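One line per chain: the protein sequences are A and B, in this order. Residues in the first sequence are numbered from 1 upward in steps of one, following my numbering. Residues in the second sequence are numbered from 1 upward in steps of one, following my numbering.
Fair warning: there could be bad hints in the mix.
[Unchecked claim] Taking lysine to any residue pairs in the SDA-like style, the calculated list, with each CA pair at most 25 angstroms apart, reads: (1) LYS146/A x SER236/A; (2) LYS77/A x PHE34/B; (3) LYS77/A x GLY21/B; (4) LYS314/A x ILE303/A; (5) LYS146/A x LEU165/B; (6) LYS314/A x MET159/B; (7) LYS314/A x LEU165/B; (8) LYS74/A x LEU165/B; (9) LYS314/A x PHE34/B.
[Claimed, not checked] Ranges between beta-carbon positions, derived for each pair: (10) GLU110/A x LEU98/B: 54 to 64 angstroms; (11) PHE81/A x LEU9/B: 44 to 54 angstroms; (12) ALA19/B x MET238/A: 25 to 35 angstroms; (13) MET238/A x LEU76/B: 49 to 59 angstroms; (14) PHE81/A x VAL10/B: 21 to 31 angstroms; (15) ALA96/B x LEU16/A: 29 to 39 angstroms; (16) GLY137/B x LEU70/A: 45 to 55 angstroms.
[What the hints assert, rightly or not] Covered by chain B, per the in silico footprint, the following chain A stretches (three or more residues, Cβ under 8 angstroms): (17) 134-144; (18) 157-167.
Since the hints were made in silico from the structure, they are not lab data. On a predicted model such as this, the values are computed, not experimentally measured, just so you know. Yeah, the Cβ is synthetic: ideal placement off N, Cα and C, and Gly gets one too.
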Amino acid sequence: MLPDWTLWLEWLIKSLVVTLALLGGFAYLTWYERRALARIQARIGPNRAGPFGLLQPIADAVKLIFKEELVPAKADKIVFFWAPVVTLVPSIIIAAVIPWGTSFTAFGREITLHVADINVGVLYLMSIASIAVFGIVLAGWSSNSKYAMLGGLRASAQMISYELALGFSFATSIILADSMRMLDIVDAQKGLWFVVVQPVGAVIFWIATLAEVNRAPFDMPEAEQELTAGYHSEYSGMKFALFFMAEYQKMIVISAILATIYFGGFLGPGVDEYPLLGPVYLLIKVILLLFVMIWVRATWPRIRYDRLMSFGWKIMLPLSLAITFITAAGILLADLLNNQIYFWAIPVVSTIIGLVAVVFIYRTLRRLPYERV
Amino acid sequence: MTLDLILFLVLALVAIATALGMLISRNAVYSALFLVLNFVTVAVFYLLLGAPFIAMAQITVYAGAIMVLFLFVIMLLGAEKLAPAQVLPWQRPLAAALAFILVAEATYLLVTRARPTGDVLPPSEAVNTMDNIRQLGIELFNQYLLPFEVTSILLLVAMVGAIVLTNRQKRERK
Numbered sequence: 001m002l003p004d005w006t007l008w009l010e011w012l013i014k015s016l017v018v019t020l021a022l023l024g025g026f027a028y029l030t031w032y033e034r035r036a037l038a039r040i041q042a043r044i045g046p047n048r049a050g051p052f053g054l055l056q057p058i059a060d061a062v063k064l065i066f067k068e069e070l071v072p073a074k075a076d077k078i079v080f081f082w083a084p085v086v087t088l089v090p091s092i093i094i095a096a097v098i099p100w101g102t103s104f105t106a107f108g109r110e111i112t113l114h115v116a117d118i119n120v121g122v123l124y125l126m127s128i129a130s131i132a133v134f135g136i137v138l139a140g141w142s143s144n145s146k147y148a149m150l151g152g153l154r155a156s157a158q159m160i161s162y163e164l165a166l167g168f169s170f171a172t173s174i175i176l177a178d179s180m181r182m183l184d185i186v187d188a189q190k191g192l193w194f195v196v197v198q199p200v201g202a203v204i205f206w207i208a209t210l211a212e213v214n215r216a217p218f219d220m221p222e223a224e225q226e227l228t229a230g231y232h233s234e235y236s237g238m239k240f241a242l243f244f245m246a247e248y249q250k251m252i253v254i255s256a257i258l259a260t261i262y263f264g265g266f267l268g269p270g271v272d273e274y275p276l277l278g279p280v281y282l283l284i285k286v287i288l289l290l291f292v293m294i295w296v297r298a299t300w301p302r303i304r305y306d307r308l309m310s311f312g313w314k315i316m317l318p319l320s321l322a323i324t325f326i327t328a329a330g331i332l333l334a335d336l337l338n339n340q341i342y343f344w345a346i347p348v349v350s351t352i353i354g355l356v357a358v359v360f361i362y363r364t365l366r367r368l369p370y371e372r373v
Numbered sequence: 001m002t003l004d005l006i007l008f009l010v011l012a013l014v015a016i017a018t019a020l021g022m023l024i025s026r027n028a029v030y031s032a033l034f035l036v037l038n039f040v041t042v043a044v045f046y047l048l049l050g051a052p053f054i055a056m057a058q059i060t061v062y063a064g065a066i067m068v069l070f071l072f073v074i075m076l077l078g079a080e081k082l083a084p085a086q087v088l089p090w091q092r093p094l095a096a097a098l099a100f101i102l103v104a105e106a107t108y109l110l111v112t113r114a115r116p117t118g119d120v121l122p123p124s125e126a127v128n129t130m131d132n133i134r135q136l137g138i139e140l141f142n143q144y145l146l147p148f149e150v151t152s153i154l155l156l157v158a159m160v161g162a163i164v165l166t167n168r169q170k171r172e173r174k
């Protein structure tokens with residue numbers, strides 16, 4: 001049975017809203033980042049185009065559109081053309097399963113505030129995240145340049161390594177919510193956000209996503225000092241803009257995912273009576289989390305590549321395994337023995353394990369001289 | 001039903017085309033990319049059959065993790081250009097004969113076994129509800145616990161093997 005045309009229209013409009021919100025969000029995230037970075041570094045930042053420099057993103061976009069596009073002579077033309085597209089598309093479609101609210105009634109019908117409500121929502125996020133690596137790897141390879149190639153290889157190694165920790169911190173919130181559906185995960189956080197129950201899980205998720213979107217301090221694939229610009233060294237004009245766009249959209253989407261699975265998503269005071277407040281709360285949480293990302297970029301130096309890898313495999317992976325186990329064990333014990341103490345042991349034990357991990361980082365990763373093997 | 005049929009036919013065409021593309025292309029990176037497309041098409045098939053979990057797992061594990069590693073290795077070794085084909089004299093007749101046997105067998109089995117009212121068990125009702133991930137987990141950890149554990153041990157052995165190999169190289173270099 002085919003759904004009626006109003007339903008198609010609703011889907012179309014909602015998809016358009018998500019896409020346009022991400023595109024607009026990208027433009028103003030660059031402005032937000034430049035202003036915030038400037039403040040942290042005691043500068044002013046872009047303030048000439050329009051009030052507070054608000055027209056700066058538009059000026060930048062016009063500049064990038066009219067720039068000359070160069071294609072290296074020895075590049076693999078087909079893959080070179082498709083790589084930015086393959087990078088950009090996952091960063092948009094991943095937003096489809098993030099709920100921005102419950103539902104409201106308008107035009108005589110109930111309109112839900114999410115594009116897709118699938119029972120494997122979290123798994124969808126994981127699979128799109130794992131697809132997202134391709135664009136960067138292919139960009140690096142097709143440019144036929146040493147810098148771009150090294151950037152692409154670094155990106156793939158780094159993203160695969162941190163995907164594991166990311167997966168386990170997803171698993172933690174799945175266990176807590178008892179569902180893979182994003183709406184159920186948000187519902188389960190009524191009254192108690194998961195960040196309270198599993199603070200270490202939220203931190204691991206945060207660090208792993210910073211590595212996944214190649215943000216500072218994990219921006220090894222595009223480390224300017226070593227690789228000029230990494231995988232997109234050979235790209236110019238609009239193709240470069242697509243990579244830029246993908247990176248910033250991923251930042252927004254990742255913040256929205258973190259807000260959804262650990263910080264209560266669209267939940268907030270009064271959201272039950274006025275469902276339209278949901279998107280507003282989500283937006284506020286996203287902006288706060290984005291600020292933390294910018295803050296991290298402004299204050300932390302880039303981590304060295306071998307340390308990045310040992311951090312991912314020797315700290316993040318065991319730690320995420322441990323917290324997944326602790327969460328599952330805590331819930332099971334609380335269920336079996338019917339005692340809420342075990343449930344509250346989850347944050348306590350997790351925090352202790354997290355502190356042990358910090359001590360371990362301090363002992364092993366900190367003062368080792370660079371060993372050439 | 002017709003929409004499903006059209007979808008199936010188009011997907012089947014894409015699947016075959018990408019599989020052929022993988023075999024024919026002379027560039028290993030292109031082959032890998034065709035294989036990714038093929039995996040994604042198979043995932044869409046699973047969606048068509050109402051198995052979203054398997055579809056997503058297919059994309060995550062095969063199209064995502066494994067193919068990225070393939071690409072990584074191809075690029076790291078710089079092995080994208082395949083050497084010009086060295087045709088062994090007996091290779092092509094043998095391949096043709098084996099392919100013929102396979103097709104004949106498959107056709108025979110299809111004609112004899114796959115009756116529309118065949119012996120294949122219909123999927124149990126519980127699997128097709130909105131909650132099929134939970135069902136899957138329960139089945140996997142109760143009825144199929146032994147195969148599950150054996151699989152995980154297999155993977156563990158492969159992992160330990162890789163670690164041992166790199167360790168030996170490090171020791172020899174010192």
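Structure-based check of each hint:
1. LYS146/A x SER236/A: holds (17 angstroms)
2. LYS77/A x PHE34/B: Holds, because 17 angstroms separates the two Cα atoms, which is no more than 25 angstroms.
3. LYS77/A x GLY21/B: holds (18 angstroms)
4. LYS314/A x ILE303/A: Holds: LYS314/A and ILE303/A sit about 15 angstroms apart, inside 25 angstroms.
5. LYS146/A x LEU165/B: Not satisfied, since the Cα-Cα distance of roughly 28 angstroms exceeds 25 angstroms.
6. LYS314/A x MET159/B: holds (15 angstroms)
7. LYS314/A x LEU165/B: Roughly 19 angstroms between the alpha carbons, so the hint for LYS314/A and LEU165/B holds.
8. LYS74/A x LEU165/B: Violated. LYS74/A to LEU165/B sits at ~36 angstroms, over the 25 angstroms cutoff.
9. LYS314/A x PHE34/B: violated (34 angstroms)
10. GLU110/A x LEU98/B: 54 to 64 angstroms: holds (58 angstroms)
11. PHE81/A x LEU9/B: 44 to 54 angstroms: About 29 angstroms separates the Cβ atoms of PHE81/A and LEU9/B, which means 44 to 54 angstroms is violated.
12. ALA19/B x MET238/A: 25 to 35 angstroms: For MET238/A against ALA19/B, whose Cβ atoms are near 34 angstroms apart, the range 25 to 35 angstroms holds.
13. MET238/A x LEU76/B: 49 to 59 angstroms: violated (30 angstroms)
14. PHE81/A x VAL10/B: 21 to 31 angstroms: For PHE81/A and VAL10/B the Cβ distance comes to about 24 angstroms; the hint holds.
15. ALA96/B x LEU16/A: 29 to 39 angstroms: Because 53 angstroms falls outside the window, the suggested range is violated.
16. GLY137/B x LEU70/A: 45 to 55 angstroms: Hint holds: Cβ distance 52 angstroms, inside 45 to 55 angstroms.
17. 134-144: Coverage by chain B holds for the segment 134-144 of chain A (5 residues, Cβ < 8 angstroms).
18. 157-167: With 4 residues close enough to chain B, the hint holds.
When the structure is compared with the earlier hints, violations turn up for hints 5, 8, 9, 11, 13, 15 and for no others.
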